[in-house]
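Work out the full structure, taking the sequences as your base and the hints as a guide.
Next come the chains, spelled out residue by residue.
2 protein chains.
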Amino acid sequence: MKREIYLETTPLNEAIEQWLRRLESQGFLKTFPGEKVMVPESLGRITAEPVAARLSSPSYHSSAMDGYAVNYQETFGASETSPKKLKLGEQAVYVDTGDPMPDGFNAVIMIEEVNLIKGSSGLASGESPRRQGVKGQEEIKYIEIVEPATPWQNVRVIGEDIVATEIILPENHRIMPVDIGAMLAGGYVDINVRRKPKVVIIPTGTEIVDPGTNLKKGDIIEYNSRVLGSLVSEWGGEAVRFRIVPDNLDELKDAILEAHNAGDMVIINAGASSGSEDFTSKAINETGEIIFHGVSIKPGKPVMAGIVRDKPVLGIPGYPVSAFITFNLFAKPVIYRWQGIEMDPPEILQAVLSRQAASILGQEEFLRVKIGKVEDKFIATPVSRGAGVLMSLVRADGFVRIPAMSEGIGAGSAVNVELLRTKNEIENTIVCIGSHDNALDLLANSLKKKYPRLSLSSAHVGSMGGLMALKKREAHIAGTHLLDEETGEYNVSSIKRLLPDRKIVLVNLVYREQGLLVPKGNPKNVKGFEDLTREDVVFINRQTGAGTRLLTDKHLREFRIKPEDVKGYEREEYTHMGVASAVLTGIADTGLAILASANALGLDFVPVAKERYDLAIPIEFYDTDMIKALLSIIREDNEFRNMVVDLGGYDISDMGKVMYDSGV
Amino acid sequence: MKREIYLETTPLNEAIEQWLRRLESQGFLKTFPGEKVMVPESLGRITAEPVAARLSSPSYHSSAMDGYAVNYQETFGASETSPKKLKLGEQAVYVDTGDPMPDGFNAVIMIEEVNLIKGSSGLASGESPRRQGVKGQEEIKYIEIVEPATPWQNVRVIGEDIVATEIILPENHRIMPVDIGAMLAGGYVDINVRRKPKVVIIPTGTEIVDPGTNLKKGDIIEYNSRVLGSLVSEWGGEAVRFRIVPDNLDELKDAILEAHNAGDMVIINAGASSGSEDFTSKAINETGEIIFHGVSIKPGKPVMAGIVRDKPVLGIPGYPVSAFITFNLFAKPVIYRWQGIEMDPPEILQAVLSRQAASILGQEEFLRVKIGKVEDKFIATPVSRGAGVLMSLVRADGFVRIPAMSEGIGAGSAVNVELLRTKNEIENTIVCIGSHDNALDLLANSLKKKYPRLSLSSAHVGSMGGLMALKKREAHIAGTHLLDEETGEYNVSSIKRLLPDRKIVLVNLVYREQGLLVPKGNPKNVKGFEDLTREDVVFINRQTGAGTRLLTDKHLREFRIKPEDVKGYEREEYTHMGVASAVLTGIADTGLAILASANALGLDFVPVAKERYDLAIPIEFYDTDMIKALLSIIREDNEFRNMVVDLGGYDISDMGKVMYDSGV
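Going down the list, the protein sequences come from chains R and P.
Sequential numbering of the first sequence, starting at 665, is according to my numbering.
Sequential numbering of the second sequence, starting at 665, is according to my numbering.
Don't take every hint at face value.
Each pair may be met inside one copy or between any two copies, as identical chains are not told apart.
Said to hold, decoys possible - Keeping only pairs whose Cα atoms sit at most 27 Å apart, straight-line, the calculated DSS-like set for lysine-lysine is:
1. K965 <-> K782
2. K1160 <-> K1041
3. K1114 <-> K975
4. K1136 <-> K782
5. K1167 <-> K880
6. K694 <-> K1292
7. K700 <-> K1114
8. K1167 <-> K1037
9. K1231 <-> K917
10. K996 <-> K1087
11. K1136 <-> K1167
12. K917 <-> K1226
13. K1231 <-> K1184
What the hints contain is simulated information worked out from the structure, not anything from laboratory work.
Below, the structure written as structure tokens:
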């Protein structure tokens, strides 16, 4: 028998509309009043009133050039054939750029366009006064001009830039660097900007602890409040983190009321789902009123919104991805409205989905994707969909929304991606799909260090998956370690078979040691594959298509062991680190992976084989700037090469060497 | 005779390359070392080293659901027809989401999928434990399940999110909100980020004064340092404003050396041009070395760069537009390199130039443009090209670069605009071209206040110019006050003549008073047009095509005055405020303009005529959301309507009324 646990599950658009309409109708969405800040401190703030110039700029007629101020009426008739002399000090006065115009003068002749006449003799001098020094200057009595001046030529008249009373900036305008200059020039020292919305975030939960605490089993480091607080800062508000409140109804109610007094909006995180210790909805209900509880989105379903006295309160779910998404959906529009500004619409990129993504009917899903530009197409690949996997957000380039009325999106479909990064960053990302190796993480880091413009994005789908991605033109390079058991050669026969029409360059990254990982001290005394049939040994496998899975199967065949006799054969991990983690945490007793992963987590290692790990690169990418940069790291960056050696179990003697080239 | 004033004028790309190469070769472009900051304070900072997880997250196996922890091996065989009972406390333990898995348990069954059995009687209970309260819970002895559990189902295993040793963020990565969560989850409390580059900006000039000073003639408010400092902040650095240094070589040299000790880069502003009091190049030369002085760009030509001891020094020109452009070109790349990050390329928009822009051969010009999207085309209109007109930057939407080898760009040419605003802002801008009226400024402000998404951009080219802009499809609306002398009707006959094929709706904005502006007290006793022929009266005119110009000419004809008998008839201003400013500052004694402009600057006013000022709106825009929003302000916003009345000289009795509709 199934039970409805949430109070309701409102469709997303309805929930947002209901929320904003309700706040608006009660007068809680009005723009905030202004507060004075000094103009130089106002960058990025929002004007709370129109800024009308108090002064004109320039505030006096001034010379726009280095030259001589004259009265244009006295220059009539000057020409090349009949130059006109003007007496210095009376008819012409030297002015630098910016100098006020002397009274009675109304034009400036550029210094380059006059001849200086010494004494009364009328001798022409080719030098400007500054090159002659003071002594020479004293001798000059006249300037000679060969063209008449026009009225007010080369003069910056009062108000040329800003006329007093002119509106420099409208209300609700975000202040940019040049605006600061214009306000100062217009006579402002301080300026009225919108007060920053203050958001108080209450972390709740008996199990959560502050970062830096020595963790006991069951402790969870509290970090959501810092993610949400950073979002508040980016949106122009100010976040206040409340102390951690344990799961206790009365304490939570007290906290809500205290937070209510301290800010403009209260966020409770979490306790928004329906666990037996969730007091958030009760606490909101008993201090104010719930507007909705439960929205049909994934992740983020348990979100709730309410009003306590005169302020909005949100119950934000505890899973980090749910928290991020629901906070964006329900807090951001309120914070923007208070400031009198509109949210920028998300940047949308058209992409092709590389893998199908099934979705639950009736829930709008926010699918996180990584994007790569391969040839002319943007390829979006879904990353982990777990609401608890924050790294899926750290690594994601954007979201694809799967509508509530859809059961999913097929591979190859065109999708609109709401970007979390700029298109430029995405276009400068090398997409590496295939087998996982720890050296790839170091490579990504060294690439970014030396070429900050570039990124390396790795997806771990196994060697076969990598070659298939090249075939489908979804990746620039593929990491692969596929042994041809007949020839003993790596990768070449697979490339010939899977990519017969493509020209591929195979560049060695490393030789590496594969072996059985076991806990420190090898408590179950695993000596090799022959022990995998033991009743007390649980194995952890890699996914189909992984080179390491093929290596496992090869060894099982050699030992004539049937997969069904290996306990745990059916449980799959996608990376070496996943296998290592499973062994470390007791999910399994052993699994096949590279030495580097054992070293990373302090496990013991039973060597099984040394294998070659190459990067397969289609010739059309091989000479691009991006791949050239990557290869220069592999071939020449000693810091990178040494770091790989330090991981352990690697032989870099062929690192960067072309092992095979199907194109020549 | 012309003289070369600059030391040299290097082409722009050459100057940038020379500058960066020289700094690089001397080791002055290396990324900065790291400094520790607390993780929650690290938003927007740049990682100075790779961040590898110290802890796994989660750090223990935990339940991913509210439900019952079980051992999956004890659930084998459960089905709808043959449910299985598990004893609470022994075979099944209640867990909330996030609770650690009890030892020996390896799967969680969701609470929605179990039946609770009271006592030993086996009676099914339809209620969840939390709804039964403590008393009910005590009675439950078993759970009943109808499906076997799979290993580790609904369990978040250790490291599901982050595996210890995994690289969370690479070096040279700008920290985003979610990254802060991942670092905290990965065991970090503080983090190594790049030290912020510190830029010391020295304002120089005997004539410049701090904002807030009571201005004397010749004083200039110093604001460039605040604009440049704000840019430094936006680029991730820290700006220090040095005290104002007068034009004195020794003081400037001392200032450079003091600034050199206080920061990573020294900016001298200005004194970079060639005026007789410019000491900047000399001061750099005597404390260090000049790399280049003079670059063939406009504006910004006098920029200079040098090295003093081990640090870059820039001499940035004094005109605000020159300062902004050269600082972007020469300081920004250095500040980015120091932080280990790449500059984002400017966003480029393809547009059509509405007016021709001639340019000087041999200088790369940075033409500021306003952009509007009319129908499907982006129209770029050049704004003031004066290097001293900061408002041209405040109002600009972007730059068009006119190459050094070009003499200009013709009207109708396709141009690439480097955007200063987002494309979205531009798409939400109503383009109003035509006659100027002060009420338009208020309208722009009220529109932004009520609809923060929208902007109104006005270009003032006169009534005829506005109708021509509609004809060329370069504007959404045009402000117009063209009197048909035969019929006495406004605007309709001009629209019929100029736009015979277009359907135009004519909406009244105001009736307004035009008159002769004179200084306070009317010192020359101007009584009307008859006084314009007086020897001691200088007139200021409006440009050809302006409705006010036509009004002037009509009155001159009526008084039988020839234009050549009016002193100043040939000097043109483009706006009412321009005329008012000319009268206020003594450039002219009188000019024809609206009463509002006289009131704004405290001038006296000799009434001449009352006229109708309408907005002409093509029917295809009339029903768009943007124009509907604008009309709602005009028709319904009493705050706006009252503000217009307060300007003086306006009759709003027909404001918003449709005066003519050629489409019906």
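Quick rundown of the hints versus the structure:
Taking CA atoms no more than 27 Å apart as the test, K965 paired with K782 passes in neither setting, with 89 Å inside one copy and 31 Å between copies. Taking CA atoms no more than 27 Å apart as the test, K1160 paired with K1041 passes inside one copy only; the shortest distance there is 25 Å, against 50 Å between copies. With identical chains, the CA atoms of K1114 and K975 are at most 27 Å apart between copies only, with a shortest distance of 23 Å across copies and 49 Å within one. Taking the shortest alpha-carbon separations for K1136 and K782, neither the intra-copy value of 83 Å nor the inter-copy value of 57 Å comes in at or below 27 Å.
In this assembly of identical chains, the alpha carbons of K1167 and K880 never lie at most 27 Å apart, being 54 Å within a copy and 76 Å across copies at closest. Proximity of K694 and K1292 under a CA criterion of 27 Å is satisfied inter-copy only: 22 Å between copies versus 55 Å inside one chain copy. In the homo-oligomer, the alpha carbons of K700 and K1114 lie at most 27 Å apart only across protomers (22 Å), although the nearest pairing inside one protomer, at 44 Å, exceeds that limit. In the homo-oligomer, the alpha carbons of K1167 and K1037 lie at most 27 Å apart inside one protomer (20 Å), although the nearest pairing across protomers, at 46 Å, exceeds that limit.
In the homo-oligomer, the alpha carbons of K1231 and K917 never lie at most 27 Å apart, since the shortest distance is 50 Å inside one protomer and 79 Å across protomers. Taking the shortest alpha-carbon separations for K996 and K1087, both the intra-copy value of 23 Å and the inter-copy value of 21 Å come in at or below 27 Å. Taking CA atoms no more than 27 Å apart as the test, K1136 paired with K1167 passes inside one copy only; the shortest distance there is 14 Å, against 53 Å between copies. Proximity of K917 and K1226 under a CA criterion of 27 Å is satisfied in neither setting, with 60 Å inside one chain copy and 84 Å between copies.
Taking the shortest alpha-carbon separations for K1231 and K1184, only the intra-copy value of 21 Å comes in at or below 27 Å, while the best inter-copy value is 100 Å.
Checked against the numbered hints given earlier, this structure breaks hints 1, 4, 5, 9, 12; the rest are met.
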